[in-house]
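Student: Spelled out, the chains give:
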Amino acid sequence: MDKSMLGDLDSLPEEDKLRMSSMIDQLQIRDSLRMYNSLVERCFTDCVDTFRRKSLDKQEETCVRRCAEKFLKHSMRVGMRFAELNQGAATPD
Amino acid sequence: MDKSMLGDLDSLPEEDKLRMSSMIDQLQIRDSLRMYNSLVERCFTDCVDTFRRKSLDKQEETCVRRCAEKFLKHSMRVGMRFAELNQGAATPD
Amino acid sequence: MDKSMLGDLDSLPEEDKLRMSSMIDQLQIRDSLRMYNSLVERCFTDCVDTFRRKSLDKQEETCVRRCAEKFLKHSMRVGMRFAELNQGAATPD
Amino acid sequence: MAPTNSPPAFEKEQIFGMAEKEMEYRVELFNKLTHTCFNKCIENKYKESELNMGENSCIDRCVSKYWQVTNLVGQLLGNNRPPM
Amino acid sequence: MAPTNSPPAFEKEQIFGMAEKEMEYRVELFNKLTHTCFNKCIENKYKESELNMGENSCIDRCVSKYWQVTNLVGQLLGNNRPPM
Amino acid sequence: MAPTNSPPAFEKEQIFGMAEKEMEYRVELFNKLTHTCFNKCIENKYKESELNMGENSCIDRCVSKYWQVTNLVGQLLGNNRPPM
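Line by line, the protein sequences give chains A, B, C, D, E and F.
Counting in full-length UniProt numbering, the first sequence runs from 1 upward without gaps.
Counting in full-length UniProt numbering, the second sequence runs from 1 upward without gaps.
Counting in full-length UniProt numbering, the third sequence runs from 1 upward without gaps.
Counting in full-length UniProt numbering, the fourth sequence runs from 1 upward without gaps.
Counting in full-length UniProt numbering, the fifth sequence runs from 1 upward without gaps.
Counting in full-length UniProt numbering, the sixth sequence runs from 1 upward without gaps.
Calculated directly from the structure, the hints in this document are not laboratory data.
Hints are not guaranteed to be accurate.
[What the hints assert, rightly or not] Not everything, but these chain A residues come out facing chain F in the computed CB check (under 8 Å):
| # | residue |
| --- | --- |
| 1 | D16 |
| 2 | K17 |
| 3 | S21 |
| 4 | S22 |
| 5 | V40 |
| 6 | V64 |
Ideal Cβ positions, reconstructed from N, Cα and C, are used throughout, including at glycine.
All chains, please: the whole structure from these sequences, using the hints.
Tutor: Next up, the structure:
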């Protein structure tokens, strides 16, 4: 998630700005790690269904790659649309 | 969630009472915001299934309203039953 | 989750060790309580489907017991395998 | 708790930490119960915004049974106290 | 906020606490929106790694409708401000 | 890290914050893995409370494959270290 969506810090005194900025950093780190975990869970659930061997076969690996890439592209597009709505740039239907 | 379910503060010294009460406030704020998010997710998932336009149609809007109202009524009823069980007021079948 | 999986504290100064150890304790407490909640949710969802009475019948109770015991055994086995992978003890297929 | 000779500030942090986890647990229990019983009892076509009689009695029994499952699982996990 | 006579340290903690909850809310909103629209718009066979035209326009409309549902539910809950 | 001239208290907070996030991540990874492999490997009729041979070997392979997916996705995300 883009840092700028989390708030505008310019109006704060210097000391609070530092603290707020550190808080945002911490939230972003937590968010990326959670995103990583949930991306793995989703692509594993959608792509891996047989357990006759302990290694991924070629087909599963391809599926996981596409799933992860597709999710990242999706997530970027959602981020752009979301940012537009936040800025009130939404246009009627 | 009703604040009284989270604990009895009367036995604490004044200073700790303030701190505990502030902690409960923070948890309640977090809980309401999460409830808001999960209510939106649920009603969206149950009510919106077509993406030919970018605005909700009348039927989807009605569905979302009913879903949200129903969930809130449900949640209140669960809260009452839950409080009874907490007070040991549960009666046999 | 086994405490040893969360990190090696030996290299830290005494004061930080105490703080880190307390942080790990807190995370473990939170994790066990969450595990408890999600185990209840899973076994309830899988085992209880009729609401003609307000008490569990014998069959539902048996199902819940088995579900919980099975989940705990499963979780222990996953923990062992997970620890092996963490130690790089994974062998090829 | 040791009365005086222990570091009181650190100990107090531990106690507040525990209390916080306990409260988070209660909130999560309530939320999971609410969502699970909604899934079990409420038809998701939303033809009206009122709860009907069948839904109401289903909710009451669902909460009661969920509570029993919480206690039952708690016993298996070796808790010797009720869920709250 | 009271200008001077109140305990500023405690009050500041409250404000930072609120700001933190707000930001957590925004992150969670974004994540739920992302996952929900992925479920609604992306076929999970993953025949390719590109988004096709149908998926792209579905995503745009999904985000827009999710936003409207957020506002609608906010009104019902008595919020008098937009979701962000 | 700067050796001396930086504010050490603030810096230490950052380090502890990072360590906490890392540990939360590990706990969440373990929990998601556990739940996902339970869904994939355990039949949910619960006819007995023991794991049978098929379930046991399914669990072992499921953990191994989940681990590989974690590494694979980590590479795509540009992580240059293993998941733990």
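Student: Determine for every hint whether it applies to the structure shown.
Tutor: Tested hints:
1. D16: Because about 13 Å separates D16(A) from the closest Cβ in chain F, which is outside the 8 Å limit, the hint is violated.
2. K17: K17(A) check fails; min Cβ-Cβ to chain F is 13 Å, beyond 8 Å.
3. S21: With a closest approach of 11 Å, the S21(A) hint is violated.
4. S22: holds (7 Å)
5. V40: V40(A) check passes; min Cβ-Cβ to chain F is 5 Å, inside 8 Å.
6. V64: Nearest chain F Cβ about 5 Å off; hint holds.
When each numbered hint is compared with the structure, violations occur for hints 1, 2 and 3.
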